[in-house]
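Each protein sequence line maps, in turn, to chains V and Y.
Heads up, the first sequence is in our numbering, so the first residue is 2 and it goes up one at a time.
Heads up, the second sequence is in our numbering, so the first residue is 50 and it goes up one at a time.
For the record, the hints were derived by calculation from the structure and aren't laboratory data.
Every value quoted in this text rests on a predicted model; they were computed, and no experiment measured them.
Please note that the accuracy of each hint is not assured.
[Said to hold, decoys possible] Dumping the calculated BS3-like pairs for lysine-lysine here, alpha-carbon to alpha-carbon at most 30 Å:
#1 3/V - 32/V
#2 138/Y - 32/V
#3 466/Y - 217/Y
#4 106/Y - 31/V
Take a look at the letters that make up each chain.
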Amino acid sequence: MKFEGTVIKYGDNVDTDVIIPARYLNTIDKKELASHCMEDLDTTFTSRVKAGDIMVAGENFGCGSSREHAPIAIKESGISVVIAKSFARIFYRNSINIGLAIVECPEAAEAIEEGHIVEADLDNGILTDKTTGASFKTAPFPQFIQNIIENGGLIESIRKGAVK
Amino acid sequence: MGMTMTQKILAAHAGLDKVEAGQLILAYLDRVLGNDITSPVAIREFEKLDIDKVYDKDKVTMVMDHFAPNKDIKAATQCKMCRDFCNEKEVTHFYDVGQMGIEHALLPEKGLVVAGDVVIGADSHTCTYGALGAFSTGVGSTDMACGMAIGKAWFKVPSAIKFELKGKLNPYISGKDVILHIIGMIGVDGALYRSMEFTGEGVASLSISDRLTMTNMAIEAGAKNGIFEVDEQTLNYIAEHSNRKPVVYKADEDAVYDETYVIDLSEIKSTVAFPHLPGNTRTIDNIGDVKIDQVVIGSCTNGFYRDIEEAASILKGKKIAKNVRAIIIPATQDIYLKAMENGLLRTFIEAGCIVSTPTCGPCLGGHMGILAAGERAVSTTNRNFVGRMGHPTSEVYLASPAVAAASAITGRITDPKEVM
Chain V
2 MKFEGTVIKY
12 GDNVDTDVII
22 PARYLNTIDK
32 KELASHCMED
42 LDTTFTSRVK
52 AGDIMVAGEN
62 FGCGSSREHA
72 PIAIKESGIS
82 VVIAKSFARI
92 FYRNSINIGL
102 AIVECPEAAE
112 AIEEGHIVEA
122 DLDNGILTDK
132 TTGASFKTAP
142 FPQFIQNIIE
152 NGGLIESIRK
162 GAVK
Chain Y
50 MGMTMTQKIL
60 AAHAGLDKVE
70 AGQLILAYLD
80 RVLGNDITSP
90 VAIREFEKLD
100 IDKVYDKDKV
110 TMVMDHFAPN
120 KDIKAATQCK
130 MCRDFCNEKE
140 VTHFYDVGQM
150 GIEHALLPEK
160 GLVVAGDVVI
170 GADSHTCTYG
180 ALGAFSTGVG
190 STDMACGMAI
200 GKAWFKVPSA
210 IKFELKGKLN
220 PYISGKDVIL
230 HIIGMIGVDG
240 ALYRSMEFTG
250 EGVASLSISD
260 RLTMTNMAIE
270 AGAKNGIFEV
280 DEQTLNYIAE
290 HSNRKPVVYK
300 ADEDAVYDET
310 YVIDLSEIKS
320 TVAFPHLPGN
330 TRTIDNIGDV
340 KIDQVVIGSC
350 TNGFYRDIEE
360 AASILKGKKI
370 AKNVRAIIIP
380 ATQDIYLKAM
390 ENGLLRTFIE
400 AGCIVSTPTC
410 GPCLGGHMGI
420 LAAGERAVST
430 TNRNFVGRMG
440 HPTSEVYLAS
450 PAVAAASAIT
460 GRITDPKEVM
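Please model the complete structure; the sequences and the hints are all you need to start from.
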């Protein structure tokens, strides 16, 4: 998997309540969820996000509520990959399960700035900030998780008999 | 190298003699839980699997608590989707309006979780059941869907932080103050991916509801689970509520912990988390003058009978401050009934509070007490993120039932000792 996009950057402890406020959880419609993504933190997000953009954030991204609506809203809004210093654990597993690409890389998340163009080569574990030329190595996923991702998420893994 | 309590439960459920921190396992699930917000997404995913049945109709559990009683047409549609699914799959433990309570108060009360269980729930506060010596953790809807299908989930075996409790709590101090103190100390990601294991001679002095409050908020420190060592009180509680036999696991003597904290319960003060993080704590003597518009006493954190009783003991014979709205939400029907029979509802109503049917409602800004721009609430709930209870510029201060009740009387965040 390889993505290239413009960076939209946030800080530490971005919680799932700001990613998708609970007042919108009376629906499971992906497009409707995406139309309110990040609303309580950044009212400009939905109007400026473009397909393929890359979200970069600080520590503990996705903390709080287990709502899968949060990674769904981010994915549906067009974000190709989220790079953070660290992820809250439920958000981390939800992203893997639904097939939203995520990368934990503190150095990259620190250095990359809003608006930069970044290439994320997930197969080789390399992030390149094309605006500055800096590149960062990321740790590969464990094989078990890599298999889930390669199978297209947890549901597909079960359908294919890869997890039983 | 020995195993922690959590590691032993996970090993047993993965069919392994031994597991180590960092190991990825598939573990058997004793219960799979969802609510009216997360289950619809899980049902949509489950249906992609083309499976007729859930893995065990007695182990799948759904509770309509978040936006129920249905707050609007969309919420009603989501509850109906859950109801139809549970009817079709003959799910035994489907709790609708009339039987439902807030899920994490309801499951222990119904005896659906016992010590030694592995439980996943598509709700982050599923970690609550660790108070009963179970491994339980919050997951998302896809994990719930797969859990309903195959009765298993993948886990990375966590390492642990040990909290050795000693001493006893002082009057008006409760489990809420202890867990807020701990989150303030280690931070909102202080236990990220790890277990919080509570042990030591101080455990015996904590009621089951104090323990449920503490494990409930383990997620607020980023933990995978919180878990209490099982003692006589735990076993008595389980025997009173369940026909199932608990399995008691104890950490090995040589279990390795990342860190150990010794907490003297007698030194804990009333503690309040300021906006907008649960780790942003201050003790009651460092609060200053914080005027409030609303008080909420309830939720999966503090809607237990003892919480409602403590709030009533402070409000009895008093009136709440003018311009303060106080909303009391007993977490389950049984708690509501007991509060009614013991005259607590009268106490609340005479003081100027309202008493609501069980619902998560205002805790997550759903309904039943939403804040306007700039308004402030003292709440016994578990999160005070931006916009959590309503408008993005509103503020939530997390506190114990005693502090919340005292604050309702004065109209500002108040030490319970001041009004008693």
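Quick rundown of the hints versus the structure:
1. Distance restraint check for residue 3/V and residue 32/V: the Cα-Cα separation of roughly 24 Å lies within the 30 Å cut-off, and the hinted pair is therefore satisfied.
2. Between residue 138/Y and residue 32/V, the direct Cα distance comes to roughly 29 Å. Compliance with the 30 Å bound is thereby established for this hinted pair.
3. Taking the CA atoms of residue 466/Y and residue 217/Y, the gap is about 18 Å. The hint holds against a cut of 30 Å.
4. The suggested pairing of residue 106/Y with residue 31/V holds, with an alpha-carbon distance near 29 Å, which does not exceed 30 Å.
Of the numbered hints listed earlier, not one is contradicted by the structure.
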